[in-house]
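Q: Sequence:
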Amino acid sequence: MSSPPLPAEIVPVAKRFYADYVGITDPNELCNHLNKIRARLCEEGPIYRCIDQFKFAYSRMCQRFFYEKILRIGKRQPSPWLFDIGCCTGIDLRQLMLDGYPAEYLVGTDISRHYIDCGYDLCRDDQESLPIQFVVSNVFDSTFVDTMSAYHHQTAVVYAGSLIHLFHSSDLLRQFLQRVKWLLRPGGLLVGAHVASDHNVCVRRGSRGYKQYIGLIELQHVLESEGFTDFEMQMDERLLQDDEPKDLIAFWLSFCAVYRL
20 MSSPPLPAEI VPVAKRFYAD YVGITDPNEL CNHLNKIRAR LCEEGPIYRC
70 IDQFKFAYSR MCQRFFYEKI LRIGKRQPSP WLFDIGCCTG IDLRQLMLDG
120 YPAEYLVGTD ISRHYIDCGY DLCRDDQESL PIQFVVSNVF DSTFVDTMSA
170 YHHQTAVVYA GSLIHLFHSS DLLRQFLQRV KWLLRPGGLL VGAHVASDHN
220 VCVRRGSRGY KQYIGLIELQ HVLESEGFTD FEMQMDERLL QDDEPKDLIA
270 FWLSFCAVYR L
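Counting from 1, position 180 in the sequence shown corresponds to residue 199 in my numbering; the numbering is continuous, with no gaps.
No lab work stands behind these hints: they were computed from the structure. Note that beta-carbon positions come from the ideal geometry of N, C-alpha and C, so glycine has one too. You may find that some hints are simply not true.
DSS-like mimics (lysine-lysine), calculated; alpha carbons at most 27 Å apart, straight line [claimed, not checked]:
no.: 1; residue 1: K88; residue 2: K200
no.: 2; residue 1: K55; residue 2: K94
no.: 3; residue 1: K94; residue 2: K200
no.: 4; residue 1: K55; residue 2: K74
no.: 5; residue 1: K55; residue 2: K88
no.: 6; residue 1: K34; residue 2: K55
no.: 7; residue 1: K88; residue 2: K74
no.: 8; residue 1: K34; residue 2: K74
DEER-style ranges, computed between Cβ atoms [unchecked claim]:
no.: 9; residue 1: I29; residue 2: L90; range: 20 to 26 Å
no.: 10; residue 1: P31; residue 2: R59; range: 34 to 40 Å
no.: 11; residue 1: N51; residue 2: A169; range: 28 to 34 Å
no.: 12; residue 1: T162; residue 2: V32; range: 31 to 37 Å
no.: 13; residue 1: Y170; residue 2: E251; range: 21 to 27 Å
no.: 14; residue 1: R279; residue 2: I236; range: 32 to 38 Å
no.: 15; residue 1: Q197; residue 2: A169; range: 17 to 23 Å
no.: 16; residue 1: D39; residue 2: E87; range: 25 to 31 Å
no.: 17; residue 1: E62; residue 2: F159; range: 21 to 27 Å
no.: 18; residue 1: A169; residue 2: D71; range: 22 to 28 Å
no.: 19; residue 1: G64; residue 2: E243; range: 21 to 27 Å
no.: 20; residue 1: K55; residue 2: R35; range: 35 to 41 Å
Work out the full structure, taking the sequences as your base and the hints as a guide.
A: Next comes the structure, spelled out in structure tokens:
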């Protein structure tokens, strides 16, 4: 795989994190470091576009409209457990810790141990020194409930930043929300990001096959039917990929919703 330069738009965010947390200040060293981790991430499992585009390497959560709200929860609420489901390298959790969220209440889950281990190498920390907990687990697995029983209705925030766009149906979204509800305490927040269209749509993306986009209207409907209220969102422009239909309307959607038991 080639070693491209870092995309220009991530450099300001990445520079701050890697200078403050990792101790890398030289741009060339940073570029080489991130390319090396990118290559390692691609050694196992699918080569997701977000990995190919270095989105594993910097916090996108800190750029969302709900980020300050999350930080306030960490500072003001008792036992503010926060779950990042599908955490990949765990970069968002480390950014939260850097910004003052109590690290002992941060939990990241991913189905891939490889991604979590790459996160330690990416950030040059380790399981012994880092108070953040990382757990290899599949939210759809029957063992998830047993593994996470200590957090049942104890969680203040669940974050799904890189997950919902992978769901191929509203039924899968509903199953996911039922697990989220199992974690959240009353008044807890579900926050996340999603590649959405106005309505549910299935499109063919060249050699990558068909892709189901869960629409904004459907997302809000399913959230409301599962007991979530106070739905907030922010839409941002998304450029079409080369293999997507030219008439596809899809955008980046950040959202926040409150769970009412």
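Q: Look at each hint and say if it fits the structure.
A: Now the hints, each set against the structure:
1. K88 x K200: 19 Å, holds
2. K55 x K94: With Cα atoms ~36 Å apart, K55 and K94 exceed 27 Å; violated.
3. K94 x K200: Holds: K94 and K200 sit about 23 Å apart, inside 27 Å.
4. K55 x K74: 14 Å, holds
5. K55 x K88: 34 Å, violated
6. K34 x K55: 17 Å, holds
7. K88 x K74: 23 Å, holds
8. K34 x K74: 14 Å, holds
9. I29 x L90: 20 to 26 Å: At roughly 21 Å between Cβ atoms, L90 and I29 fall inside 20 to 26 Å, so the hint holds.
10. P31 x R59: 34 to 40 Å: 24 Å, violated
11. N51 x A169: 28 to 34 Å: Taking Cβ atoms as reference, N51 and A169 lie about 40 Å apart, which means the hint is violated.
12. T162 x V32: 31 to 37 Å: 35 Å, holds
13. Y170 x E251: 21 to 27 Å: At 24 Å between Cβs, range holds.
14. R279 x I236: 32 to 38 Å: Cβ of R279 to Cβ of I236: about 21 Å, so the range 32 to 38 Å is violated.
15. Q197 x A169: 17 to 23 Å: 19 Å, holds
16. D39 x E87: 25 to 31 Å: Violated - the Cβ-Cβ distance for D39 and E87, about 19 Å, lies outside 25 to 31 Å.
17. E62 x F159: 21 to 27 Å: Since E62 and F159 have Cβ atoms about 25 Å apart, the given range 21 to 27 Å holds.
18. A169 x D71: 22 to 28 Å: About 36 Å separates the Cβ atoms of A169 and D71, which means 22 to 28 Å is violated.
19. G64 x E243: 21 to 27 Å: 34 Å, violated
20. K55 x R35: 35 to 41 Å: 20 Å, violated
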